[in-house]
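Undergrad: If you want the building blocks of each chain, they are given just below.
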Amino acid sequence: MDSSETIPEFRKGGASKGGEASLANLSAFSRGSGMASAKEVLAILGVAVVVIGGIELALRFFNVPQYIMPTPSAIAYALFTDFPLILPHLGDTLVELLGGFAIGACVGLILAAVITQFPFAEKIVAPYILILVTTPMLALVPLLILRFGFGYTPRIIVVALASGPMVMINAATGFRRVDSAKIALARSYGANTLQMFWKIRAPMALPMILVGLMIGAIFGLLTAVGAEMVGGGFGLGNRLTTYSSMIQMPQFFAVVVILSALGILIYTIFFLIGKKWASWEA
Amino acid sequence: MNVTVSRSPKLAVKAATKVYRTASGDFMALQHCSLDVHRNEIVSIVGPSGCGKTTLLRAMSGLHGLTEGEVMLDNQKITGPHPDIGIVFQEANLLPWRDLDANIRFPFEIKRERPDRQWIEHLLHSVGLDGFGGKYPRELSGGMQQRAAMVRALALKPSVLLMDEPFGALDTFTREEMNRLVESIWLDTRTTIVFITHSIEEAIFLSDRVIVLTGGPGRVAREYPVRFERPRSSEVMATREVFDLTNAIKRDIVGERESRLNGSAPQREATS
Ligand SMILES: Nc1ncnc2c1ncn2[C@@H]1O[C@H](COP(=O)(O)OP(=O)(O)OP(=O)(O)O)[C@@H](O)[C@H]1O
Ligand SMILES: [Mg+2]
Numbered sequence: 001m002d003s004s005e006t007i008p009e010f011r012k013g014g015a016s017k018g019g020e021a022s023l024a025n026l027s028a029f030s031r032g033s034g035m036a037s038a039k040e041v042l043a044i045l046g047v048a049v050v051v052i053g054g055i056e057l058a059l060r061f062f063n064v065p066q067y068i069m070p071t072p073s074a075i076a077y078a079l080f081t082d083f084p085l086i087l088p089h090l091g092d093t094l095v096e097l098l099g100g101f102a103i104g105a106c107v108g109l110i111l112a113a114v115i116t117q118f119p120f121a122e123k124i125v126a127p128y129i130l131i132l133v134t135t136p137m138l139a140l141v142p143l144l145i146l147r148f149g150f151g152y153t154p155r156i157i158v159v160a161l162a163s164g165p166m167v168m169i170n171a172a173t174g175f176r177r178v179d180s181a182k183i184a185l186a187r188s189y190g191a192n193t194l195q196m197f198w199k200i201r202a203p204m205a206l207p208m209i210l211v212g213l214m215i216g217a218i219f220g221l222l223t224a225v226g227a228e229m230v231g232g233g234f235g236l237g238n239r240l241t242t243y244s245s246m247i248q249m250p251q252f253f254a255v256v257v258i259l260s261a262l263g264i265l266i267y268t269i270f271f272l273i274g275k276k277w278a279s280w281e282a
Numbered sequence: 001m002n003v004t005v006s007r008s009p010k011l012a013v014k015a016a017t018k019v020y021r022t023a024s025g026d027f028m029a030l031q032h033c034s035l036d037v038h039r040n041e042i043v044s045i046v047g048p049s050g051c052g053k054t055t056l057l058r059a060m061s062g063l064h065g066l067t068e069g070e071v072m073l074d075n076q077k078i079t080g081p082h083p084d085i086g087i088v089f090q091e092a093n094l095l096p097w098r099d100l101d102a103n104i105r106f107p108f109e110i111k112r113e114r115p116d117r118q119w120i121e122h123l124l125h126s127v128g129l130d131g132f133g134g135k136y137p138r139e140l141s142g143g144m145q146q147r148a149a150m151v152r153a154l155a156l157k158p159s160v161l162l163m164d165e166p167f168g169a170l171d172t173f174t175r176e177e178m179n180r181l182v183e184s185i186w187l188d189t190r191t192t193i194v195f196i197t198h199s200i201e202e203a204i205f206l207s208d209r210v211i212v213l214t215g216g217p218g219r220v221a222r223e224y225p226v227r228f229e230r231p232r233s234s235e236v237m238a239t240r241e242v243f244d245l246t247n248a249i250k251r252d253i254v255g256e257r258e259s260r261l262n263g264s265a266p267q268r269e270a271t272s
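Sequences listed follow chains Y and C, in order. Residue 141 in my numbering sits at position 141 of the first sequence, and the numbers go up by one each step. Residue 92 in my numbering sits at position 92 of the second sequence, and the numbers go up by one each step.
These are computed hints drawn from the structure, not numbers from a lab. Be a bit skeptical, because a hint or two may be false.
Simulated pairs of lysine to any residue, SDA-like, Cα-Cα distance not exceeding 25 Å [stated by the list, open to error]: (1) C:Lys135 <-> C:Lys77; (2) C:Lys157 <-> C:Arg105; (3) C:Lys77 <-> Y:Gly190; (4) Y:Lys276 <-> Y:Glu40; (5) C:Lys157 <-> Y:Gly53; (6) Y:Lys199 <-> C:Phe173.
FRET-style restraints, in silico, Cβ to Cβ [to be verified]: (7) Y:Leu130 <-> C:Lys111: 53 to 61 Å; (8) C:Arg112 <-> Y:Leu265: 36 to 44 Å; (9) Y:Lys39 <-> C:Gly80: 35 to 43 Å; (10) C:Asp26 <-> Y:Lys276: 44 to 52 Å.
All C-beta atoms, glycine included, are put in the ideal place defined by N, C-alpha and C.
Construct the complete structure from the given sequences, taking the supplied hints into account.
TA: Right under this line is the structure:
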């Protein structure tokens with residue numbers, strides 16, 4: 001549709017027919033199969049063993065020094081021994097992520113729900129949302145630190161600014177998918193505005209809302225870590241800069257492993273929610 | 001029943017005129033279109049595509065207003081959706097995120113009423129959907145979905161049922177099956193039914209009267225009474241009488257369309 005005038009869609013070709021927005025679409029672990037079967041899990045683990053084992057052997061064989069690339073076993077060992085040291089920083093990152101995401105997602109959802117009801121307002125707001133989506137919010141961190149110091153505040157703000165527009169843009173796509181027949185159905189029974197919202201518009205938008213929440217959360221994680229790398233003495237991002245400056249590469253990669261686990265966790269949570277509540281789209 | 005009551009129409013469309021205001025100018029979809037639907041009657045409306053059937057039905061349902069004229073239900077002017085009017089939409093229009101039970105519960109949730117379980121069970125049974133309550137629309141065939149939609153529309157016990165090409169998307173066999181179902185539901189409930197269709201056969205099978213609408217702008221061209229006993233057997237439907245009736249109606253529709261194609265384009269008014 002005319003995405004130049006309305007709030008742009010995150011995934012082009014989105015608002016076509018109504019069956020396009022399943023969460024599974026986003027993943028390489030495609031739809032249909034949904035969750036991997038036991039056999040597939042075994043295969044995935046097998047690949048992991050081969051790849052990790054291969055890297056381990058190669059690194060040992062070529063005698064690559066640890067400050068260039070530590071072996072997987074060294075990383076695993078560091079992850080195990082230094083985890084108690086990293087854990088508080090993980091907590092800090094989670095606080096920033098959850099705090100910022102909660103604010104950003106709420107504002108984004110409410111704005112999307114309201115703004116899509118007013119096409120004129122939507123057109124006015126659209127370019128600003130686009131700017132918010134495309135501007136790397138990390139750029140604001142130094143400024144925010146000047147204003148708010150080195151605590152949680154600037155990070156939470158920047159996470160909210162990064163995740164909110166992502167949530168909004170996708171949720172707006174969902175809310176804009178009006179199926180006039182279903183609206184007419186509800187109207188024929190005399191549904192009021194609230195009923196129309198909760199019983200038709202919201203469930204119809206839910207798959208896209210979940211996509212938005214997932215992308216927003218992952219963007220939030222990236223931004224939180226980035227902000228931590230820019231300034232302040234705590235958080236996983238700070239650990240990355242600290243460990244790399246001290247050339248503690250196993251610890252450094254242990255943090256990377258934790259971060260990717262966080263990302264996968266976010267994905268899985270929304271995937272499961274989507275499977276439970278929005279699987280009607282598939 | 002006394003005479004005056006049975007004489008007054010259940011649903012009356014009076015001099016309905018509908019002008020759609022579009023970017024490319026005003027378009028008159030209906031002009032002085034009038035028709036009566038009597039209590040317990042099944043009336044079919046046929047006519048060429050775009051002649052205003054859906055527009056007419058929307059006005060009857062109170063979903064859309066008219067530019068001029070009015071629709072009366074039991075001598076009361078309709079100003080919006082009415083609880084006594086049930087609608088079956090083209091395509092089943094079930095809510096895909098609800099299972100069948102929840103879909104049928106939907107009207108009651110909106111109206112904040114308690115569903116009449118017994119009546120719903122009875123309806124589900126009569127359309128052959130008992131035991132499917134936990135299924136989602138995507139798990140049902142097109143015919144089953146449309147049957148579910150009929151149950152949903154009838155669950156509130158409307159006294160009028162408006163159906164806009166409800167079986168247009170179904171294959172011929174399923175369609176015939178659905179027609180028998182409508183007939184049996186009518187025999188059961190005597191609900192007044194207005195039925196829009198492109199199938200003349202379907203119209204004749206179901207109706208007490210077939211109304212032919214002409215387009216540009218839409219109004220009633222002719223109406224044909226159909227006086228066979230119900231239930232109507234396939235033998236009746238194969239008689240000469242039905243054959244002639246079918247041809248007459250077909251001529252009306254095709255003739256009208258040809259004259260429209262050869263003659264003037266659908267009437268358009270200047271931009272306001
Ligand atoms: N919302 C609308 N805005 C503008 N014009 C409309 C609108 N809805 C219908 N029309 C026009 O009004 C005319 C009648 O439309 P309507 O949908 O009532 O026809 P119909 O008889 O139901 O056609 P079909 O048999 O194809 O369903 C058509 O020419 C259509 O283009
Ligand atoms: Mg129509």
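Undergrad: Each hint: holds or not?
TA: Hint check:
1. A distance of roughly 39 Å separates the Cα atoms of Lys135 of chain C and Lys77 of chain C; the hinted pair therefore is violated under the 25 Å criterion.
2. Distance restraint check for Lys157 of chain C and Arg105 of chain C: the Cα-Cα separation of roughly 13 Å lies within the 25 Å cut-off, and the hinted pair is therefore satisfied.
3. Between the alpha carbons of Lys77 of chain C and Gly190 of chain Y the distance comes to roughly 17 Å, so the proposed pair stays at or under 25 Å and holds.
4. The hinted pair formed by Lys276 of chain Y and Glu40 of chain Y meets the criterion: a straight-line CA distance of about 21 Å does not exceed 25 Å.
5. Taken as a hint, the Lys157 of chain C and Gly53 of chain Y pair is broken in the structure, with Cα atoms around 69 Å apart against an allowance of 25 Å.
6. Between Lys199 of chain Y and Phe173 of chain C the CA atoms are separated by roughly 35 Å; this puts the pair beyond 25 Å, and the hint is violated.
7. Range check, Leu130 of chain Y to Lys111 of chain C: Cβ separation about 42 Å, and the 53 to 61 Å hint is violated.
8. The hinted window of 36 to 44 Å between Arg112 of chain C and Leu265 of chain Y holds, with their beta carbons roughly 41 Å apart.
9. In this structure the supplied range 35 to 43 Å is violated for Lys39 of chain Y paired with Gly80 of chain C, their Cβ-Cβ distance being about 57 Å.
10. Here the CB-CB span from Asp26 of chain C to Lys276 of chain Y is close to 49 Å, well matched to the stated 44 to 52 Å.
The structure shown violates the earlier hints numbered 1, 5, 6, 7 and 9.
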